[in-house]
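Novice: Spelled out, the chains give:
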Amino acid sequence: MSRVRSQKAELVIERLGKKLNRQIVGSLVACVHCGMCTDACHYVLANPDDPSYAPAAKADKLRKLFKRHYDWTGRVIPWWVGAKSIFTDEELEDLKDTVFGKCTNCRRCSINCPMGVDFATYNRMTRGLLVSVGIMPEGVAVVSKDQWEIGNQMGVLTEDYLDTLEWMGEEMQEELDDETAIIPIDKEDADIVYTINPREVKYDPRTISDAGKIFHVAGANWTMPSEGWDMTNFGLFSGDDALGGSVAARVYDKLQEIRGKKLVISECGHGYRSTRCEGPNWAGMDIGFEMESSVITMLNFIKEGKIQVDKTRNTTPVTFHDSCNNARSCGLFEEPRELLKLVVTDFTEMYPNRAENYCCTGGGGAMSMSEYTPQRLKSGIVKANQLKDTGAKIVVTSCHNCVDGLNDVIKHYKLGMEVTQLVNLVANALVIPEKKVVPVVEVAEAVVEEAIAEEAVEAEEIKKELVLTGRKILIVDDEPDIRTFFGAVLEDNGAIILEAGDGDQAIEIANSEKPDLITLDLSMPGKDGGKVFEALRSNPETERLKICIITGRPELRKLIYDQELSKPEGYLDKPVDEDTLVLNVRKILELS
Amino acid sequence: MPLSKKINNSTLSLIKGDLTDLDIEAFVFYAESHLKLGAGFGNAITMRGGVEIKKELDTHEPIEVSEAIITGAGLLKANYIIHANGPKYSEENTESKYEATLKNSLKCAEEKGIKKIAYPPMGTGFYAIPPPYCAQTMVKIFSDYLEGETTIEEITICAMDTREYEPFKPHFTD
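Chains as they are written, first to last, in the numbering used here: chain A, 1 to 592; chain B, 1 to 174.
If you're looking for bench data, these hints aren't it; they were derived computationally from the structure. Built from N, CA and C at the ideal position, the CB exists for glycine as well. Do not take every clue at face value.
What the hints assert, rightly or not - Below, computed lysine to any residue pairings styled on SDA-like, alpha-carbon distance capped at 25 angstroms: (1) B:Lys88 with A:Val4; (2) B:Lys88 with A:Tyr561; (3) A:Lys558 with B:Ala100; (4) A:Lys261 with A:Glu175; (5) A:Lys531 with B:Lys88; (6) B:Lys16 with A:Gly331; (7) B:Lys77 with A:Ala40; (8) B:Lys36 with A:Glu564; (9) A:Lys96 with B:His34; (10) B:Lys77 with A:Arg537; (11) B:Lys169 with A:Gly331; (12) B:Lys36 with A:Gln256; (13) B:Lys88 with A:Arg5; (14) A:Lys18 with B:Pro130; (15) A:Lys414 with A:Glu434; (16) B:Lys36 with A:Lys61; (17) B:Lys36 with A:Pro540; (18) A:Lys254 with B:Val51; (19) B:Lys97 with A:Lys254; (20) A:Lys546 with B:Gly74.
Unchecked claim - From the derived model, a few chain A residues whose C-beta atoms are all more than 12 angstroms from chain B: (21) Leu11; (22) Glu138; (23) Ala141; (24) Glu159; (25) Leu243; (26) Arg250; (27) Lys254; (28) Glu278; (29) Ile287; (30) Phe289; (31) Arg354; (32) Glu371; (33) Ile507; (34) Lys567; (35) Glu578.
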């Protein structure tokens, strides 16, 4: 008796046939199960006793389907070639756990396969087949829907994006003491149209003002688009080519509308690969303009003498992590090193590196799937060992997903390192040209300089006084040291500090004091941060209080983000430095 | 410049824009059975419209595919949101369910006395309704509806980008 197949299983089989091309079929038939891929995979290295992580074993889950339905060997000798069909939605769910949960699509196995099997490519294709019938991790659904319907994968509204740019423009003006230092929006005929990752708007706006400073000092004719500004593309991660094409087209269309000459993509491996390398194919567009990574733009600014840098401002020992998408898939690995060596004094190479580097565990989107966090972090032992062996204090990377992936690994394995990007180092090393002052007499000049210096000190003091003056902030954390540190930093900037050492106390104080902002730890004995968040958001009295999650336990994010409640206004990873804390608190208070 | 055509005493228009930020009497949200707002447009509705919309939705029972209900729109510029539960990911009988969803959402608007309503290209992104099919079906259902007796004066189709806009264009220019 023939088994009944679910409608979703039918569709997956039918659509698999439409996806088969020479590259995919070559990969599906060429595997000889030699095992070379196993040594290349960080999941296997971290789980040596679990054969289900071997790339060849993962690939067999799709290969059996291909053999059964699309290869003559599967029809003639199915028992010999392992051909097997799929019938139920449960089997599709199991396939989902493999293709999303046991592989980051880093492609390290692909370049180490002697037969040329590109497992990552058809792992992505399998993801796409599952997504097309609605089978995907919840986090993937959320991010995909945000990118489809809001236009960026973090659901940043246009008004919030534009407000952030305006605010960062003001920061630039203050830092450069130059009123002309602005972030131009939708300027027509610009030489550079700068596109970014929404993570920069939401969690790391300093990278925007750092890039802006560099463009401004270089005298670039540049702009940022008001829409089509998200150069990341979740279609790359989810395997949804339609989403890939739609997102890429929004970026290209906007550049063409404002007649930009070159698209510059901020540091993001996922964004670089999807916008520069894959996007034109997904969108079916002929691209008549240049596209480059901001790494190359910054490097050229230095080479062409448009900016000067002083590497002695970055003396902490650093190492460099190659993003899989940048290095393995797009060949971008020498330029970042060349730039890095120009802006730091102490660089140590990580081994292996370049195209052979190990994945940060971020996988260009893996952090959206909280259900797989434990196994992802377990696989991070490989990266942790690599990082530890360098002896560096800072790991530099040109990818926002890698920043988050590396931060997770560093915290989980207690490595005590910082993560930063090239744009931050270049901005820190940037030599700001002095303003031209016409000297009348030397004595007068000295007096003027002294007066200017005094004014600057006063201005700085006033600024510090004002940034958080009168703001009531509740710090919720079970660690007294953290409360003391956050409290001191925020109080120094004018805030009125309230403290709670556990969840019950936090809810009580929030109800009675209605603070302007709550910084909320997740891991606390008794009522954890997730329960506190739920209690606050569910109470009409406190539901609109602004909350910034600050946690050192990334695996606990699901306590917040899996809830059907409006999202927290901010999120920070511990450890948090003073500048980051103040900047993010200001952003929430001033813009949210 | 919006494209539009007159049908009886009503207007059917096509614009590019941001659905949840439109200054219009009501717009349609492609909902799920459980009526949770979730991500995407739902996220924008929550962020711009506040918590009142969710609270009102919490008082409703889940709805079947093709059904539609109406709620207030909180702090949004619109006054109402019609939550229409359309078919998803090529589920069985997608076409008949899709047409019924459009008709039920119009009926829902009509019953509330709404005169101006906006639609996104229904389900064309995340839920994988093919854009050409969506354009053809929406224009046909709306045109047929406006040909009949109705108090609806204006239906606006609000596309987000070129991918969504282009398949509708021939229906307004030919």
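Novice: For each hint, tell me whether it holds in the structure or not.
Specialist: Consistency of the hints with the structure:
1. B:Lys88 with A:Val4: Given that 25 angstroms is the threshold and the Cα spacing comes to 22 angstroms, the pair holds.
2. B:Lys88 with A:Tyr561: holds, 24 angstroms
3. A:Lys558 with B:Ala100: violated, 37 angstroms
4. A:Lys261 with A:Glu175: Not OK: lysine 261 of chain A and glutamate 175 of chain A at ~29 angstroms, beyond 25 angstroms, violated.
5. A:Lys531 with B:Lys88: violated, 33 angstroms
6. B:Lys16 with A:Gly331: violated, 38 angstroms
7. B:Lys77 with A:Ala40: violated, 54 angstroms
8. B:Lys36 with A:Glu564: At roughly 8 angstroms apart (the allowed maximum being 25 angstroms), glutamate 564 of chain A and lysine 36 of chain B satisfy the hint.
9. A:Lys96 with B:His34: Status holds; Cα separation ~23 angstroms.
10. B:Lys77 with A:Arg537: Holds, at roughly 24 angstroms.
11. B:Lys169 with A:Gly331: Given that 25 angstroms is the threshold and the Cα spacing comes to 41 angstroms, the pair is violated.
12. B:Lys36 with A:Gln256: violated, 37 angstroms
13. B:Lys88 with A:Arg5: Distance of about 19 angstroms is within 25 angstroms: holds.
14. A:Lys18 with B:Pro130: Holds: lysine 18 of chain A and proline 130 of chain B sit about 16 angstroms apart, inside 25 angstroms.
15. A:Lys414 with A:Glu434: With Cα atoms ~42 angstroms apart, lysine 414 of chain A and glutamate 434 of chain A exceed 25 angstroms; violated.
16. B:Lys36 with A:Lys61: Violated: lysine 36 of chain B and lysine 61 of chain A sit about 34 angstroms apart, past 25 angstroms.
17. B:Lys36 with A:Pro540: This hinted pair holds, its Cα atoms lying about 19 angstroms apart.
18. A:Lys254 with B:Val51: violated, 33 angstroms
19. B:Lys97 with A:Lys254: Roughly 35 angstroms between the alpha carbons, so the hint for lysine 97 of chain B and lysine 254 of chain A is violated.
20. A:Lys546 with B:Gly74: holds, 19 angstroms
21. Leu11: violated, 6 angstroms
22. Glu138: Violated: least Cβ distance 10 angstroms, not greater than 12 angstroms.
23. Ala141: violated, 7 angstroms
24. Glu159: Nearest chain B Cβ is 8 angstroms from glutamate 159 of chain A, so the label is violated.
25. Leu243: Given that some Cβ of chain B is not farther than 12 angstroms from that of leucine 243 of chain A, nearest at about 7 angstroms, it is violated.
26. Arg250: About 5 angstroms separates arginine 250 of chain A from the closest Cβ of chain B, which leaves it inside 12 angstroms; violated.
27. Lys254: violated, 10 angstroms
28. Glu278: holds, 16 angstroms
29. Ile287: For isoleucine 287 of chain A, whose nearest Cβ neighbour in chain B is about 15 angstroms away, the distance exceeds 12 angstroms, so it holds.
30. Phe289: holds, 17 angstroms
31. Arg354: With a cut-off of 12 angstroms, arginine 354 of chain A remains clear of chain B, as the shortest Cβ separation is near 36 angstroms.
32. Glu371: holds, 17 angstroms
33. Ile507: holds, 18 angstroms
34. Lys567: violated, 8 angstroms
35. Glu578: holds, 29 angstroms
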